[in-house]
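**Student:** For reference, the chains in residue letters:
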Amino acid sequence: MATTSSGTAMVTLPTDEQILITREFDAPRHLVFEAWTTPELVKRWWNAKRGEMTVAEIDLRVGGKWRYAMVTEDGFEVAFHGEYREILPNERIVSTETYEGVPEGVSEEDATTVNTATFTEADGRTTVTILVQAPSKTSRDAIVESGMEAGLQDALDLLEEVAVSLR
Amino acid sequence: MARAATTADAFNAVAEPRRRRILDVLAGGERPVNDLVRVLGLAQPQVSKHLRVLREVGAVEVREHGRQRLYRLNGEALKPIHDWVKGYERSWSERFDELDSVLEDLKQEEERDGDDE
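Taken in sequence, the protein lines are chains F and B. Be aware that the first sequence starts at -18, since it is given in my numbering, and climbs by one per residue. Be aware that the second sequence starts at 565, since it is given in my numbering, and climbs by one per residue.
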């Protein structure tokens, strides 16, 4: 009953400019919301074990700013920031998200998405959906591509583990 | 024709919202073109045009059944798209696995604090 749900995130592409991420958690939504919006807690999960989270600033009010930064194991900083546009405690957060590492020539606008996180509870479990609205298909595709690199990196890490275990 | 080049891969084939809609409908099972016309609210020539593009990339297959032609989804052809999204999905899965353990701790804390609901 109290097992950790470890389901997988489901990602779909509803339109050319959107990404929809869905995942169910074995916890009531007020706890999911707490984990989502408390800096010390965000620092424990947002980095997904890919490095250390150095910054988690959250000014949770409409117009308030947020900024997350992590340093990957090879010393590379990855940072995002944005602004809260709508906050419905335990239900919904609408915020902007700007990736700080865009290549030269890409405008801030092109690197900014509007993300809507929704928390729905049923039988003590919470479904979280994140709808990422990108400014263009190119931008949306670039975001998905970034994940592809991460996926590839994981694969290489796994390969290394396997290789080491064979020594 | 230049058009062929732009529609000859799965990514372009599903870039069109109505073609995605067709795939959604076919995901529910094999359908004759009339069904698609009705569900999509488009004229038959248009539906046929979209079906042709989807067939070119192998996303949709067709077979004769009596006087009808039945269309069905071929998921294998959409695999490149699936693979592409998979990496991104994996980043989030890993992130959420960590969130699971944070939530487990929060639940235990709440129990300890005597919240016996």
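It should be emphasised that the hints constitute simulated quantities derived from the structure, not laboratory data. Treat the hints with caution; some may be incorrect.
Claimed, not checked - As a list, the in silico DSSO-like pairs of lysine-lysine whose alpha-carbon atoms are at most 27 Å apart:
(1) B:Lys671 <-> F:Lys30
(2) B:Lys643 <-> B:Lys613
(3) B:Lys613 <-> F:Lys118
(4) F:Lys118 <-> F:Lys24
(5) F:Lys30 <-> B:Lys650
(6) F:Lys46 <-> F:Lys24
(7) F:Lys24 <-> B:Lys671
(8) B:Lys613 <-> F:Lys24
(9) B:Lys671 <-> F:Lys118
(10) B:Lys643 <-> F:Lys118
**Student:** Determine for every hint whether it applies to the structure shown.
**Tutor:** Going through the hints against the structure:
no.: 1; hint: B:Lys671 <-> F:Lys30; in the structure: holds (22 Å)
no.: 2; hint: B:Lys643 <-> B:Lys613; in the structure: holds (23 Å)
no.: 3; hint: B:Lys613 <-> F:Lys118; in the structure: holds (23 Å)
no.: 4; hint: F:Lys118 <-> F:Lys24; in the structure: violated (30 Å)
no.: 5; hint: F:Lys30 <-> B:Lys650; in the structure: holds (18 Å)
no.: 6; hint: F:Lys46 <-> F:Lys24; in the structure: holds (17 Å)
no.: 7; hint: F:Lys24 <-> B:Lys671; in the structure: holds (18 Å)
no.: 8; hint: B:Lys613 <-> F:Lys24; in the structure: violated (51 Å)
no.: 9; hint: B:Lys671 <-> F:Lys118; in the structure: violated (40 Å)
no.: 10; hint: B:Lys643 <-> F:Lys118; in the structure: holds (20 Å)
Hint violations for this structure: numbers 4, 8 and 9, all remaining hints satisfied.
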